[in-house]
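Respectively, the protein sequence lines represent chains A and B. Each residue of the first sequence is one higher than the one before, starting from -11 at the first, in the working numbering. Each residue of the second sequence is one higher than the one before, starting from 562 at the first, in the working numbering.
There could be a bad hint or two in this list.
[Claimed, not checked] Label-pair restraints from in silico Cβ distances: (1) A:Val10 to B:His572: 48 to 56 Å; (2) A:Glu59 to B:Gly575: 45 to 53 Å; (3) B:Met562 to A:Lys69: 21 to 29 Å; (4) A:Arg153 to B:Lys929: 29 to 37 Å; (5) A:Lys60 to B:Pro864: 20 to 28 Å.
[As the list claims (entries may be wrong)] Some chain B residues well away from chain A (every beta-carbon gap over 10 Å; in silico): (6) His677; (7) Thr805; (8) Ile839; (9) Ser894; (10) Asp908.
[Said to hold, decoys possible] In silico contact screen, one side only, chain B against chain A (beta carbon under 7 Å); selected entries: (11) Ile563; (12) Lys568; (13) Asp569; (14) Leu574; (15) Met852; (16) Glu854; (17) Ile857; (18) Ile861; (19) Gly862; (20) Ser933; (21) Pro936; (22) Thr937.
Don't read these hints as lab results, they were simulated from the structure. Owing to the predicted nature of the structure, the values given are computational and were not obtained by experimental measurement. Every residue gets a Cβ at the ideal spot worked out from N, C-alpha and C, and that includes glycine.
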Amino acid sequence: MSKQSIRVDNLVKRFTKGEEVVSIVENASFKIDKGELVALIAPSGAGKTTLLMMIGCVEKPTSGVIYLGDEKVYDDKWLTKQTRKIRREKIGFIFQAHYLIPFLTVLENIILVPQTNGVSPEESERFAMELLEYFDIADKAHSMPSELSGGQNQRVAIARALANRPQIILADEPTAALDSQRSVSVVQMLKKIALEQDVAIVMVTHDEAMLPLCDRILKIEDKKIISSKIEGNTQETLV
Amino acid sequence: MINLAQKDISHSLGKFLVTAMGVGLLLGIVIVMIGIYRGMIVESEILINDINADLWIVQESTLGPFAEASRIHEDLKDSVRVIDGIKNAEALTFQNIQLPSPLKPTRVVAVGFDPHGTFNPINPERIVEGRDLQRSHYEIVISDNVGFSLGDSILLGRDNYRVVGITHGSVSSGGDPLVYISLKDAQELQFLYTNNRIRNDRDRGIKNNDAHMVNAIVARIHEGYSVDNIAKELRRFKHKSVFTQAQQHDILSKNLIEKSSKQIGMFAVILIIVSTIIISLIIYTMTLEKMKEIAIMKLIGIPNSMIIKMVVQETLLLGLLAFSFGAIFANLSYDKFPKKVVLEIPDSIALFVVILIASVLASFIGVKKVVSADPTTAIGG
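Turn these sequences into a full structure, and let the hints guide you.
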């Protein structure tokens, strides 16, 4: 079985602003393996979130190829109409803020996606409780998000991202709203999840203190992707 | 599977219920207005149903005695009685009078009839106290909502009348309470002038003060005779307008209450449209308030169908609850309206269906918003 979790070949994203064509990403190519925690860094407005959303089948690239696992999902066009199904089944999302559904309890927030995928209520609830115990918030299962602290809500959001047993987790600045101590704790948790669940995690971050905790850094520079390994300090420009 | 609508409503139950109550009051008014319309139809028919005549003979070229003024001679009844096929005929008067009621001066319609004749416009089932008229003078049978009791004395014109009977539910086509007096008394009240007026008229050379006038002659026919043929004959030889019971019903419904009922119908339609717009706006606002959550749900892969189901279910429930509140409001308050309100189950069912359809239409605006929601708006960057 291939270790490849994400593969991007010659990905281009341009959009028009009035009559001007603005280029965000030009011919980006990279590969992320299962179990890897990769930091995606770039100056503000350089297209980190756009890249993340293209990998997450939310934003349509202009051209290029995207593989999720061994399945080619984009080749100058979406190869399936059901991009939302791909997101639901293969990808977990974590955001800057927790973005939990406020009218659902903690447990319901976590089981929403698995149950939509057809997992039985018993199985989805059992796994959700396991996740909540893992994150040490099982006692909050029936609380509303408004009754939890920011840190607890962020842990629920991570549990939600894991609830559909995804192949990939896309985290958009998950530590932005947290203090440094809690940020380290969250990233360490993500690293552990990547290893234990064999999940590829792409994490957009501005916080350089988090970089040593990652396996690799993808940096968007002049619309190109530069990959840096943390150990050995080797730097290679993929394209 | 989690029911998103149920969860969302439970989360803001108070707000949802108060909103439904607000719309419900509006729908309650619609139900009452339909009830007023029904009440008008029922009231318009009470008197002619109680009189139950086959023919109404009135002044030529008029739609009397309810839609237009009609004055004919009382003795016409005698010449009508001898026409082949006529079973019986009597003279009736109808006039508006203001009663010095103990509650407040009340406008009533006085029906004058011969207590010893063959037509009695007082439906015995409506008498709740006392008795029918038995004498030719100074007795009155009165509706219970006017405020008089049995034995009370009422001054009408020059004379005092004693209340001998109380009726319930007797109203004229215009909704005014009915009182019943003898034909002779009614003629004096309506056609006999005061002594001063008579003297004045004599000085002017006017001598024709005929009090033996009535407003209509009513007749029943023998079995086997055609009402239409006899009506045609009467029109031809007596030079009078003649209406059958069905035609009199038509005159009442088309001439007297048609405009009022159309007006009420228009108000009801406008209120239904307003209710639909309000439900649409509420659903639109409720959807707008949830746009962030909808974008997140779309981003994490929740299908549109599930989110649309939430919006549609919430709209339908809002419509259902609003209708229920409206029906409760209408049923608790209908007897407190001054006009008769008749609530009929088929009308409520029809309104319920209309509200369901309106709710579905109203949900489209929310559904459109859901479909157009961009999942990327859930995140920054």
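(message) For a quick check of understanding: which of the numbered hints are violated here, in increasing order?
(response) 1, 14, 15 and 20
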